[in-house]
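Given these sequences and hints, build the entire structure.
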Amino acid sequence: MIHKFTMNGVHIAMDINGGSVHVLDEITYDMLDFYEEIRDGKRSLQEVMEKLSRYPQEELASAYDEIRTLEEDGLLYTEDAYETMDFMKNRKPVVKALCLNIAHDCNLMCKYCFAKQGDFGGKKCLMPLETGKKALEYLVKNSGSRRNLEVDFFGGEPLMNFQVVKDLVHYGRELEKEYHKNFRFTITTNGVLLNEEAIEFINTHMDNAVLSLDGRKQINDDMRLTLTGKGSYDVIVPKYQKLIEKRGNKSYYIRGTFTRDSLDFSEDVKHFKELGFVHTSMEPVVSSEENPYAIREEDLPKILEEYEKLAVYYADLKEKKDPFSFFHFMVDLTQGPCVIKRISGCGAGTEYLCITPEGDLYPCHQFVGNEAYKMGNLYEEDLTLPKEMQSMFKEAHIYHKEDCKTCFSKFYCSGGCHANALSFNGDILKPYRIGCEMQRKRLECAIMVEAKRMLSEEEEAPEEKVLFL
Amino acid sequence: KHIKTLTKSTLKKSVAKGGCGECQTSCKTSCTVANQECENL
Numbered sequence: 001m002i003h004k005f006t007m008n009g010v011h012i013a014m015d016i017n018g019g020s021v022h023v024l025d026e027i028t029y030d031m032l033d034f035y036e037e038i039r040d041g042k043r044s045l046q047e048v049m050e051k052l053s054r055y056p057q058e059e060l061a062s063a064y065d066e067i068r069t070l071e072e073d074g075l076l077y078t079e080d081a082y083e084t085m086d087f088m089k090n091r092k093p094v095v096k097a098l099c100l101n102i103a104h105d106c107n108l109m110c111k112y113c114f115a116k117q118g119d120f121g122g123k124k125c126l127m128p129l130e131t132g133k134k135a136l137e138y139l140v141k142n143s144g145s146r147r148n149l150e151v152d153f154f155g156g157e158p159l160m161n162f163q164v165v166k167d168l169v170h171y172g173r174e175l176e177k178e179y180h181k182n183f184r185f186t187i188t189t190n191g192v193l194l195n196e197e198a199i200e201f202i203n204t205h206m207d208n209a210v211l212s213l214d215g216r217k218q219i220n221d222d223m224r225l226t227l228t229g230k231g232s233y234d235v236i237v238p239k240y241q242k243l244i245e246k247r248g249n250k251s252y253y254i255r256g257t258f259t260r261d262s263l264d265f266s267e268d269v270k271h272f273k274e275l276g277f278v279h280t281s282m283e284p285v286v287s288s289e290e291n292p293y294a295i296r297e298e299d300l301p302k303i304l305e306e307y308e309k310l311a312v313y314y315a316d317l318k319e320k321k322d323p324f325s326f327f328h329f330m331v332d333l334t335q336g337p338c339v340i341k342r343i344s345g346c347g348a349g350t351e352y353l354c355i356t357p358e359g360d361l362y363p364c365h366q367f368v369g370n371e372a373y374k375m376g377n378l379y380e381e382d383l384t385l386p387k388e389m390q391s392m393f394k395e396a397h398i399y400h401k402e403d404c405k406t407c408f409s410k411f412y413c414s415g416g417c418h419a420n421a422l423s424f425n426g427d428i429l430k431p432y433r434i435g436c437e438m439q440r441k442r443l444e445c446a447i448m449v450e451a452k453r454m455l456s457e458e459e460e461a462p463e464e465k466v467l468f469l
Numbered sequence: 470k471h472i473k474t475l476t477k478s479t480l481k482k483s484v485a486k487g488g489c490g491e492c493q494t495s496c497k498t499s500c501t502v503a504n505q506e507c508e509n510l
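Those protein sequences? They're chains A and B, same order as listed.
Just so you know, this note's numbering puts 352 at position 352 of the first sequence, and the rest follows in order with no gaps.
Just so you know, this note's numbering puts 501 at position 32 of the second sequence, and the rest follows in order with no gaps.
These are calculated hints, taken from the structure and not from any lab test.
Heads up, some of the hints might be wrong.
[Claimed, not checked] Quick list of in silico lysine to any residue cross-link-like pairs, SDA-like style, CA-CA up to 25 Å:
no.	chain 1	residue 1	chain 2	residue 2
1	A	Lys394	B	Lys470
2	B	Lys473	A	Gln57
3	A	Lys92	B	Ala485
4	B	Lys482	A	Lys116
5	B	Lys470	A	Lys92
6	A	Lys387	A	Tyr313
7	B	Lys473	A	Arg68
8	B	Lys470	A	Lys89
9	B	Lys481	A	Pro93
10	A	Lys181	B	Glu491
11	B	Lys481	A	Met85
12	B	Lys482	A	Asp332
13	B	Lys473	A	Glu79
14	A	Lys4	B	Ala485
15	A	Lys134	B	Val484
16	A	Lys394	A	Ser325
17	A	Lys116	A	Ser423
18	A	Lys401	A	Asp86
19	B	Lys473	A	Asp316
20	B	Lys486	A	Met88
21	B	Lys473	A	Ser456
22	A	Lys177	B	Glu491
23	B	Lys473	A	Lys89
24	A	Lys89	B	Asn509
Here it is in structure tokens:
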């Protein structure tokens, strides 16, 4: 299985099952359309040469030979042999990450919030310290031999329960020593309550900070409103700038959401750069079509065009070695994660769980409030997660999703978001189509950017051709 | 002369050394499968 595409003047071919990526000249790119037919005896090379008569015959023959050599070397048209390998049968995932909904309350009322302005459709409440401690204890005791554990402070707005966040980080450090674990703490905040103390604490203790902002002032302030109905841009931007200025080299993301009211979102990403932010992301709103800001099928052409426009801008930055980064255009072609990780995906319901202020467990933060997916409560004696539900999530990988089997993005997206599949199609095995289309485009963009960067490096140092065959 | 290979068969190579589970979960912008690195490979 291969996928080929042209973007920003670069012809690219991907070997989906092997992971190889190639840059082709135009003649080889066109020959690739006929290669399998020639190889399988359905057409003769001569017949194809006549069809592609705009190219010299000896060049076409040479292009055909190079494609054949790639296939013989296992770099094109490789088979997908992973499904029957032992690791697929022997997978025994253990919990290694928790999302702590530290506050089911919020000091903003963003129109598109999936958490329904922080309370997830329930009552407004904050997680007591005791519940948070029980959550961390549950994690260290149920993580098997895993050493690296993750805890994300989420909500709602976690800084509305800042004292508990601080106490839990310190408690986690105690547990680390006792259980020989390594906690990686992260936080997602809307920025409103950031002050000197919060900035200092986040920059000291949080391995990653996700800072919500939608981009240009009018775009942000149309969606991200304070409780008095005013825009939040002027309140939060200076606070983010202060946090990042003091953050050094630690990880952070300025993270925006685009809607059908801001389909020119590349301008918002550029605005992040104007504000001095380096690590950025911009995500499509996920919402049912009854909402006026929801993304619809008819918006896809504009969105895909916008991603490509952003990718061309971004590729130019990368060729100039600009440190600015856009989350979805970062792809590690030299290795990336192992194939086991790529097949199993996000780990929701098995490796990753979300805990509410009341101690309820859900497969992930997107399932909170959906009683059918409640997996138990931390205050139950001998808490045992429902095996059927865990098994359902464990088996929700790309080989059990029909739409994924023939998708060129399957080893990069791992089958998409279970919660979105359930929301839009009523089945965690049926991926959300609009999300798939955007994912495929983002992957093409990311590979183009990386190809341009690698080709540019080769031009600068032609003696270092080790990357190429 | 027609083809430049940017990367070779990274997936196949990862089967033998992969699967330790020590990497981050991948949804919450922190990492996706596509941009995550592995210490073992």
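Quick rundown of the hints versus the structure:
1. Lys394(A) - Lys470(B): Roughly 45 Å between the alpha carbons, so the hint for Lys394(A) and Lys470(B) is violated.
2. Lys473(B) - Gln57(A): 21 Å, holds
3. Lys92(A) - Ala485(B): 17 Å, holds
4. Lys482(B) - Lys116(A): Outside the cut-off at roughly 44 Å; violated.
5. Lys470(B) - Lys92(A): 46 Å, violated
6. Lys387(A) - Tyr313(A): Cα-Cα ~48 Å, so violated.
7. Lys473(B) - Arg68(A): This hinted pair holds, its Cα atoms lying about 14 Å apart.
8. Lys470(B) - Lys89(A): Measuring from Cα to Cα gives roughly 43 Å; hence the hint is violated.
9. Lys481(B) - Pro93(A): Holds, because 22 Å separates the two Cα atoms, which is no more than 25 Å.
10. Lys181(A) - Glu491(B): With Cα atoms ~11 Å apart, Lys181(A) and Glu491(B) stay inside 25 Å; holds.
11. Lys481(B) - Met85(A): 12 Å, holds
12. Lys482(B) - Asp332(A): 15 Å, holds
13. Lys473(B) - Glu79(A): 22 Å, holds
14. Lys4(A) - Ala485(B): 28 Å, violated
15. Lys134(A) - Val484(B): Distance of about 36 Å is beyond 25 Å: violated.
16. Lys394(A) - Ser325(A): Outside the cut-off at roughly 32 Å; violated.
17. Lys116(A) - Ser423(A): Judged against 25 Å, a Cα distance of about 15 Å means the pair holds.
18. Lys401(A) - Asp86(A): 20 Å, holds
19. Lys473(B) - Asp316(A): Measuring from Cα to Cα gives roughly 21 Å; hence the hint holds.
20. Lys486(B) - Met88(A): 15 Å, holds
21. Lys473(B) - Ser456(A): 13 Å, holds
22. Lys177(A) - Glu491(B): 18 Å, holds
23. Lys473(B) - Lys89(A): 37 Å, violated
24. Lys89(A) - Asn509(B): 22 Å, holds
Comparing the model with each earlier hint shows violations of hints 1, 4, 5, 6, 8, 14, 15, 16, 23; every other hint is respected.
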